[in-house]
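Peer 1: As a plain string of letters, each chain reads:
Number of protein chains: 2
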Amino acid sequence: MKTIVVIGGGFAGVYAARALERKLRRRKDVEILLFCRENYTVFQPMLAEVISGTIGITDVVSPLRRMLHRTHVHVREVESIDIENKTISVAAGFRPHAHVIHYDHLVIAPGTVTDFRGLPGLPEHALPFKNLADALELRSRVIRALEEADVEGDDPELRRQLLTFVVAGGGFSGVEVVAELNDFVRHVAKLYRRIDPKEIRVVLVHAQERILPEMKAKLGAFAQRILRKRGVELMLGYRLQAATGESAVLAGPDGSVTVPTKTLVSTIPASPHPLIDSLTLSKTKNGRLAVDGTLRVSGHDNVWALGDCASVPTKDGSPCPPTAQHATRQAQLVADNIAATLAERPLREFDFKGLGKMGSLGRRNAVAEIFGISISGFLAWFLWRTIYLAKMPGWGRRIKVATSWTLDLFLEPELVELRLGGAGGAIHEHFEPGQTVFNEGELGDRVYILLAGRAEVVRRRSEGTDLVDQLLATLGPGECFGEMALLESAPRNATVRCLDAMTVLSIPKREFGLLAANVPGLRASFEQVTARRAGLLQ
Amino acid sequence: MKTIVVIGGGFAGVYAARALERKLRRRKDVEILLFCRENYTVFQPMLAEVISGTIGITDVVSPLRRMLHRTHVHVREVESIDIENKTISVAAGFRPHAHVIHYDHLVIAPGTVTDFRGLPGLPEHALPFKNLADALELRSRVIRALEEADVEGDDPELRRQLLTFVVAGGGFSGVEVVAELNDFVRHVAKLYRRIDPKEIRVVLVHAQERILPEMKAKLGAFAQRILRKRGVELMLGYRLQAATGESAVLAGPDGSVTVPTKTLVSTIPASPHPLIDSLTLSKTKNGRLAVDGTLRVSGHDNVWALGDCASVPTKDGSPCPPTAQHATRQAQLVADNIAATLAERPLREFDFKGLGKMGSLGRRNAVAEIFGISISGFLAWFLWRTIYLAKMPGWGRRIKVATSWTLDLFLEPELVELRLGGAGGAIHEHFEPGQTVFNEGELGDRVYILLAGRAEVVRRRSEGTDLVDQLLATLGPGECFGEMALLESAPRNATVRCLDAMTVLSIPKREFGLLAANVPGLRASFEQVTARRAGLLQ
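Chains as they are written, first to last, in the numbering used here: chain V, 1 to 538; chain D, 1 to 538.
Isolated chain V (complex conformation):
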């Protein structure tokens, strides 16, 4: 019995498994295993439509069990690959045992991940936009921001943060997200009686001089015109460099700019999956696996790679772009070549040029380049819908999406905030110099432990008729603050502000309460700190 293991639940992995099923349907001595994180594959081109709810939340994804019939699907994360011993080890399920699985052929296609390393605050405060959970989270945050803005009538600073929506990255993904988000927010904001449409800012941040660099200049310019007309603010030549819970920090041509916002999406940058990092196979400069034209990883007869994590050479020498149309063709080729290897026949080389590119600009508008011809406006949008509908896997889903699109012509967009997610634990937070962590007199809702940076503790004192800030202490790494209000259920007795950019561990009240009450030594340790400070704060 031969085992073919496919890693990855994106187009590359799933279509490879599907092509293998078809190609090897007569071989009873071969089993195909697919490992992936979710039990569905995301149809990326339509992911942005989840924001406005134009199509049903689950219609943008396809359950793997319906696409694959012979493959054994394992919804489990792969933790490591051992090329030497031809095994992979897989994360535990309900029972904490690791599973080790042997393979004869390995197909590596886990794709890329959003990589915020080196960008302070982004892992904590920026949303990626890659999978269904990201899209739903963004949607919920946008609705939450509108709900809060409608209530917080007398806090102009908070309203500005709530009503500004920032998307970083002007490639296809960033443009589609900003277009959908802008349409959605401006449309539904009318239902909020205390939100003035003029207060809403939707910003697209892009490092280059024009958006959609993958397309011809005139299509990029067209897209910019349409987005601007619909109210999107373009910040070209700016790069997202840091984020806090209240703002995005951008590096621009004239130094850095802070945009107040509570909703920040970053569609860049992507790095190959961490699983690839740990492999000692040959890679390109940007960390992708180097494969030859047959999709074999250099130096290994039974290891194949494809999709966004691989650098696949095309006939003219340049690497294949990371698009679905290339991934699905690579998937077919890898199946053909594995079948050929099993049958000891010669292998084929990858040869596909790409048919074109399309990007949606929201409401009945798009740009497209098909067989070299540029199309923009309504016709491009119509093509976009038609082509992607046809590309969706499964008839059931196509019918559902077509129906939703039809209903969307005369029904209003969805406005339900899905709040899921259980009790939150400790998280990291990032603060920029000058930013207030909390104010004297506020309710205590979390405890902070400073990991990097410095903070000042001040209290407002009346001096004659004036109110002045009195500096009580300066805090550095390793010190905690905010514990007093929680231990004593009292309002904050001082204001804490960031001096040098800080990373803190922030523990919510519920979590702190549970731990302080039960973990030996924890409460005592915080109480010591409080006692030491009590003198200071009198």
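Hints may be right or wrong, so weigh each one.
For chains that are exact copies, the list does not tell them apart, and a pair is met inside one copy or across any two.
Keeping only pairs whose Cα atoms sit at most 25 angstroms apart, straight-line, the calculated DSS-like set for lysine-lysine is [what the hints assert, rightly or not]:
1. Lys509 / Lys285
2. Lys190 / Lys130
3. Lys190 / Lys28
4. Lys216 / Lys357
5. Lys86 / Lys23
6. Lys28 / Lys2
Hints listed in this document are in silico derivations from the structure and should not be mistaken for laboratory results.
Keep in mind it's a predicted model, so treat the numbers as computed, not measured.
Go by the hints and put chain D onto chain V.
Peer 2: Using the frame of chain V, we list chain D on its own:
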């Protein structure tokens, strides 16, 4: 300016606000405020359909902003009511400030909550079924269980837990949930190659001798017959009394029975909202607010209560049942009576008998009692769909649901597992005597602190040719265990089993790592414990 505050986002609260809008549309001196937890109202009768995905996830709820046009909606939790000073205080949003709001008239309609107090393990391990998040969570758990069962081929005990689904409560809600769940699981299980349909158990637990006690005996018997025929196991005369992460403990006629399961739903018991508990208004024995026929809370001219949290007398003296048809009529009456009070006109009394009752039994089957006539089978199901469709708020939603139902006739059910929810924090867990917390040799994934009960720590030793369990220690409240594997990244070096029913605080690895690395004193305190035990465990 007069302020009318409505508390509650269910049928009672939302329809009251709507009726007030209409009734007081000419009075510019009145403002209506509604406070609720979510920005939508759930259409309860169809909530069970979320499990199988027959209708779109968000189509079972209606956004409040579309139902209410003059009311100012605050999606905020009410924390307390001060009847004396005519104010309510509202939870903080992004800024940790409490808000205090004055009212002239107060309408209390927060409904009931699922109340697991006094039932060990239920708060942690049983799922309620009241709102959209509950329905989605159940759906995800069911799909997760199927995915895991498909992979865990060689662990019969775990498979039994994964493939058993238990619903407690044989009222309308429990019956609708078990019917949908059974249909869904049995239908989609065919797609899992390593699941034998015979392994699936769907159990309905009910304390009385027949289900649907609200209906005539013959309809209850019909429902039982249909459910049994479709594979639901009925455990009548059993009561859910405790739960662990691996089982439901039932008290039956012949003592207690343990049903292994990872999916336990409890649709009982419901108690009035905690907000009601804290009020010193007059209440009935079961904790509901006592109101007179005009829906006024006894002794207060400007405080009104309705819906499931209130005990509303009917003309014949018995209290109103907690159903939507009564809540919406009470909502209309409360609006009329508030308008009458403002205009100094006489009040009306509640007078409504109820039109009937209906319960869906899943796939094209239902039971109904309409104007005293009993109907069952396809006709009842057809009536169920028609009547509830007509009762849904908003034309848009009706069209969407009707379309989904039509597509569902020939498309396959949805199978996407939505995993949302961020990083989890510390949680409570419950263990029953004899249950294993973890086994020697497993990976360390959490640390435990014993809050109540006792555990034994044992290690397997070879004695000659036999393997025997050697008792290393007995643990009691306040002691922690499982820290060693995490501090040293080693497999569990002993097995821990429950002796007396235990409640533990269970801290996941990620959370423990974050805290141990950064909270002063925490790591040291755990290391001391480890050092003390090191001798024991050599």
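Peer 1: Enumerate the violated hints, using their earlier numbering and listing them in ascending order.
Peer 2: 1 and 2
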